[in-house]
Amino acid sequence: MVQFRSVTKSFGGSSPAVLDVSFHLRKGEFAFLTGASGAGKTTILKLVHMLHRPSSGEVRVSRYSSSRIKRRDLPDLRRRVGYIFQDFRLLENLTAEENIAFALQVTGTAKAKIAPRVRKLLNQVGLAARAQAFPRELSGGEQQRVAVARALANEPLVLLADEPTGNLDERASSGVFELFRRINASGTSVLMATHDAELLRRHRNVRVIELEEGRLVFDSAGDPVA
Amino acid sequence: MRSLREALSGIRRAPALTVLSVMAIGLSVFSIGLFALTAHNIDVALSDVEGRVEVVAYLRDDASEELIEIARHEIESYPEVESARYVSKVEALYEASRELTEFSDVYSDLEVNPLPASLEIALRPDFRTPVDVETVADRVTSYHFVEEARYGREWVDRIYSLRRVAGGAAVILGLSFAFGAALLIGIAVRMSVLARAREIAVMQTVGATDGYIRRPFLIEGLMTGLGGGLLALALTFVTYQAVERTLVSLAWLPDLWTAAGLAFAGILGMLAAGRAVRRELRRLDVY
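Order-wise, the sequence lines are chains A and B.
Here the numbering used here is used: position 31 in the first sequence is 40, and no number is missing along the way.
Here the numbering used here is used: position 62 in the second sequence is 189, and no number is missing along the way.
Read the hints as simulated data drawn from the structure, not as lab findings.
Watch out, some of these pointers could steer you wrong.
[Claimed, not checked] Have a look at the derived ranges for each label pair, beta carbon to beta carbon: (1) Leu302/B <-> Gly196/A: 20 to 28 Å; (2) Ser71/A <-> Pro381/B: 53 to 61 Å; (3) Arg128/A <-> Leu131/B: 26 to 34 Å; (4) Gly231/A <-> Arg325/B: 49 to 57 Å.
[Said to hold, decoys possible] Some chain B residues close to chain A (C-beta under 7 Å, calculated; not the full set): (5) Glu326; (6) Met330; (7) Thr332; (8) Val333; (9) Ala335; (10) Thr336; (11) Gly338; (12) Tyr339.
This one's a predicted model, so the numbers in the text were calculated from it and none came from an experiment.
Quick reminder that beta carbons are idealized off the backbone N, C-alpha and C, glycines included.
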């Protein structure tokens, strides 16, 4: 599903953000991407989303390769890869349901299909009652649920989450994590960047990929390259 | 519909910049309009003058009327020639005394008619250029009984040069103003893109195509351009009326020209917007 082969990403500074990283996230797999701030977690996620191009090596996502993908293929790739940000990135002038519908509208979903799909997604993230609320009227946990629903709108094969619980209290954090587990149970691969040690401790059975100064220093699956 | 709504909201977001862009395009197209008006009126004047462009072949006194008639027929069969009229020596004298009344006494006292017979050759509308006039004159001169062929070469050349200068000036000035206008539209569109950067980032993240993201900005550019085009049309019309009332009688531009001017303004706006938004989207995304 997602394969990194000796990927290095440098932004021109003294040391690369990611250095010679290889791993394989399989279909339906859940993995934590962990490491201290600046270890390269966000860079890895952006490489998967092809917001960054590797300086060397190759990233493969589904049938797309970073070395061959054309700009015109990016929209299709990004519909297959949902992305969730720590700061939610909701549009403030749109309600919860409009934020989710937005992702469907801009990808050309037929108008008649949008409303039922949005309702289903709101139910899935447990926010059916808050459909008409604007982001400012929602708690952090609720905003993140809207962001998750938006990321799921186009039925992605992989969900990338960049510190999704970073701005949430423990209760909201657990709720969002359980939501990810349910999404994963339905077959979507999840790669979740976090440096929340407590979360890792509570879920020891989940695969952990650890980065340190851009290098992959630990992978609990133990099979760095497939 | 969405694109139109967003384009309008883009205009509402930065009205001053939009007005400035409309004015810049308006001035650019106005300068083209003024020169187009000049060029068109020179065209009108030219076609009037050209109608009078003719080659006069003066004939030797010893030319036989039979040969002249054969030659007249031949000349009339040239593709450039509309008609060839024979003017005898007597007719020439009569016309001269009629047109130059102040010399009528001189003409009546003459014992010998000094004026030669001639062939007055009128040219077809498409063959009244300096080159065609010269070609016909050269061919006519090849008849042995033709003394010389005359035509108003200098002023035909001069009018054509004036027409070329007006056309050239329209293109050069218009394009320089258009370049400035395109820069302003680019700034306006970049501001719109920046104002909507978050929305655009979300669109890119969830997989909207570049075309979908770009469309409202293209419409915004098109509307700005058309606004400028209309302003230019209004300014050109006001100028036309002012000149017509106070100075000389003018002909207004043909409909095709005004439509082309508006289309040029619209396309200019859209191209400038397209270029700016493409650059911004590539800046936001790496591929």
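Legend entry - Residue hint Glu326/B, partner chain A, criterion CB-CB below 7 Å: Cβ of Glu326/B sits 6 Å from chain A, so the hint holds.
Inset, instruction - Report holds or violated for the interface hint on Ala335/B, using the least CB-CB distance to chain A and a cut-off of 7 Å. - result: 4 Å, holds
Legend entry - Hint status (Cβ of Thr336/B to nearest Cβ of chain A, threshold 7 Å): 5 Å, holds
Legend entry - Interface hint outcome for Gly338/B [beta carbon to chain A under 7 Å]: 9 Å, violated
Legend entry - Cβ distance range 49 to 57 Å for Gly231/A and Arg325/B, holds or violated: 41 Å, violated
Inset, instruction - State, for the Cβ atoms of Arg128/A and Leu131/B, whether the hinted interval 26 to 34 Å holds or is violated. - result: 28 Å, holds
Inset, instruction - Grab the minimum C-beta distance from Val333/B to chain A and call the hint holds if it beats 7 Å, violated otherwise. - result: Result: holds, 4 Å to nearest chain A Cβ.
Inset, instruction - Return the status of the interface hint for Met330/B: holds when the least beta-carbon distance to chain A is below 7 Å, violated otherwise. - result: The hint holds - Met330/B has a Cβ within 7 Å of chain A, the shortest such distance being about 5 Å.
Legend entry - chain A contact restraint for Thr332/B - C-beta distance below 7 Å: Hint on Thr332/B: holds, closest Cβ of chain A at ~5 Å, below 7 Å.
Legend entry - Distance restraint hint 53 to 61 Å, applied to the beta-carbon atoms of Ser71/A and Pro381/B: At 58 Å between Cβs, range holds.
Inset, instruction - Look at the Cβ atoms of Leu302/B and Gly196/A and judge whether their distance stays inside 20 to 28 Å. - result: Check failed, 59 Å falls outside 20 to 28 Å.
Inset, instruction - Classify the hint on Tyr339/B as holds or violated, based on whether any CB of chain A lies nearer than 7 Å to its CB. - result: 6 Å, holds
Against the hints set out earlier in the document, violations occur for numbers 1, 4, 11.
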